[in-house]
Amino acid sequence: MSWGTELWDQFDNLEKHTQWGIDVLEKYIKFVKERTEIELSYAKQLRNLSKKYQPKKNSKEEEEYRYTSTRAFLATLNEMNDYAGQHEVISENMTSLITGELTRYVQELKQERKSHFHDGRKAQQHIETCWKQLEASKRRFERDCKEADRAQQYFEKMDADINVTKADVEKARQQAQLRHQMAEDSKAEYSSTLQKFNSEQHDHYYTHIPNIFQKIQEMEERRIVRIGESMKTFAEVDRQVIPIIGKCLDEITKAAESIDHKNDSQLVIEAFKSGFEPPGDIDFEDFTQPMKRTISESSLSNSRGDGKSEPKFGGKSKGKLWPFIKKNKLMSLLTSPHQPPPPPPASASPSAVPNGPQSPKQQKEPLSHRFNEFMTSKPKIHCFRSLKRGGAGPEDFSNLPPEQRRKKLQQKVDELNKDIQKEMDQRDALTKMKDVYIKNPQMGDAASVDHRLAELGQNIEKLRIEVQKFEGWLAEVEGRLPPRTEQARRQSGLYEAQNTSAVNSCAQDRESPDGSYTEEQSQETEMKVPATDFDDEFDDEEPLPTIGTCKALYTFEGQNEGTISVAEGEMLYVIEEDKGDGWTRIRRNEDEEGYVPTSYVEVYLDKNAKGAMTYI
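Residue numbers (the numbering used here): 1 to 616.
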């Protein structure tokens with residue numbers, strides 16, 4: 001089956017069909033190009049999606065990725081990034097193996113098609129020329145025959161006419177013979193031209209045109225084969241990345257199977273465990289007996305003596321185990337005097353009155369009312385230590401609960417040890433370099449590294465001091481907690497507790513009766529801990545500054561929680577003036593401070609305070 005024999009007369013249709021085939025090929029190329037653009041766009045969107053949900057450096061999200069579920073999600077994001085890379089590979093392979101190759105092939109195909117149809121048109125033009133020559137020879141033969149016939153008739157007519165001279169008859173005879181000869185010549189030429197045309201026509205339809213059409217057929221078949229191969233490549237390019245995509249999906253499945261809910265629950269405990277013991281039961285307060293309110297040592301409030309100073313934690317060092325402002329505010333609401341102070345005695349000598357003026361009695365309010373007041377009040381931040389350090393929190397992390405503080409300190413110690421090791425490695429390397437310079441002076445001056453070695457030695461010494469300081473704090477904290485194995489202590493140090501707010505950094509402060517913060521100690525800080533050598537060196541709990549002095553006008557027996565007893569004429573220090581509630585906070589010595597009625601003392605404030613004021 002050949003186009004040359006079957007379609008010998010369909011030159012124009014073949015020309016249209018081959019042009020249509022090239023158009024189909026170009027359409028397929030355009031389709032593959034758009035597919036590659038889609039793959040690139042899809043890969044870009046996948047990468048952007050993966051990048052969007054990646055944890056940002058030095059952010060809270062990084063801490064969240066210690067849980068197995070979030071680590072599995074991170075693995076999914078990484079695998080999606082690799083998944084996007086495979087779609088980029090698909091685009092690259094399709095561009096190089098299909099689009100590029102077919103584009104070059106189309107150009108070659110167009111040139112080949114143009115050449116074949118040019119040969120076909122040339123053969124058609126040749127046969128048409130031969131046909132025209134045959135037609136011209138035929139017409140000339142016909143014309144000569146007609147003229148010869150007319151010349152013969154004219155001669156016969158002249159020969160029959162008796163009136164015509166013999167010369168005219170002879171002339172007519174010669175003319176007839178000449179025309180007859182011309183007709184014979186035309187006949188011979190026509191015959192020769194006809195034979196030639198028949199030969200050319202046979203060659204045209206049985207040789208030239210079949211050969212040309214055969215080449216066109218082969219060209220078209222190659223185009224069909226080529227587009228089929230391209231479609232196979234199209235599928236193969238996808239198939240080649242399927243194993244890698246399958247591995248990505250397998251890794252995602254593996255990450256999902258690695259999620260351990262028990263482990264995540266344990267991490268939550270390690271992240272947020274404070275190390276405090278839950279508060280104990282509140283003792284029953286019997287108001288039928290004339291006795292002061294007693295609060296057990298296991299309750300939320302502090303355990304204090306009758307006007308006596310609180311026991312110190314570990315000698316000089318003050319406790320810092322309860323860092324929550326809300327807790328302290330609740331304790332203050334439960335323990336500080338909220339009733340108006342007693343009026344001064346009517347007599348000039350209050351000591352002459354039997355029993356003297358009564359100390360303020362605690363008004364008993366429902367616990368729910370105290371909680372409501374606690375929840376609706378706004379805390380006042382008077383944390384001078386945090387302001388002194390730029391609001392970043394104490395260096396010893398004393399604003400954190402014990403368990404979280406221990407982890408932070410352990411992490412700090414580990415970081416410092418790594419820094420020390422790094423500095424020591426540099427020192428060892430410089431020492432070796434110095435030895436080389438000493439043995440080979442031409443390589444360098446040995447004295448040039450002495451300055452750097454001295455700097456490294458100083459840095460190492462500073463870091464070791466820092467390590468000792470933090471290890472001291474760490475030993476202090478670990479002394480307050482139940483014993484832990486070394487492995488558990490090291491593992492827990494790998495995770496940081498989240499940073500507390502600026503309010504929580506004022507953990508050691510307590511509130512006065514009007515809501516301002518003081519430095520009273522909570523019950524938790526009274527836990528007995530052996531004193532260490534680091535207590536004096538690292539205690540940064542500073543007492544409230546003195547803002548003036550005062551003189552006791554009357555004797556006051558401070559029997560309620562938060563008050564202090566004073567004697568008439570006694571001079572004391574003022575550490576917090578009256579806020580409008582009738583109470584002034586004073587200090588006798590380092591261990592004794594409390595509130596007294598403002599009307600019982602005469603206050604002299606310093607010049608740099610809020611102005612000298614006297615309450616009489």
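Hints listed in this document are in silico derivations from the structure and should not be mistaken for laboratory results.
We put the beta carbon where it would ideally sit given N, CA and C, even for glycine.
Careful: at least some of the hints might be erroneous.
[What the hints assert, rightly or not] Here are the computed distance ranges between Cβ atoms for each label pair: (1) I245 <-> E277: 22 to 30 Å; (2) I242 <-> T431: 41 to 49 Å; (3) Y42 <-> T431: 22 to 30 Å; (4) K57 <-> E236: 54 to 62 Å; (5) Q10 <-> K30: 45 to 53 Å; (6) A447 <-> I269: 53 to 61 Å.
[Said to hold, decoys possible] Only pairs whose alpha carbons sit at most 20 Å apart, straight line, appear in this in silico EDC-like list of lysine to aspartate or glutamate: (7) K114 <-> D185; (8) K273 <-> E478; (9) K422 <-> D450; (10) K439 <-> E455; (11) K247 <-> E229; (12) K422 <-> E466; (13) K273 <-> D119; (14) K57 <-> E415; (15) K30 <-> E88; (16) K187 <-> D149; (17) K215 <-> D9; (18) K114 <-> E236; (19) K33 <-> E101; (20) K432 <-> E415; (21) K146 <-> E200; (22) K16 <-> E108; (23) K551 <-> E602; (24) K30 <-> E108; (25) K16 <-> E218; (26) K51 <-> E220; (27) K171 <-> E147; (28) K138 <-> E88; (29) K16 <-> E147.
Sort out which numbered hints this structure fails and list those numbers smallest first.
Hints 1, 2, 3, 4, 5, 7, 10, 11, 13, 18, 20, 21, 26, 28 and 29 are the ones this structure does not satisfy, whereas the remaining hints hold.
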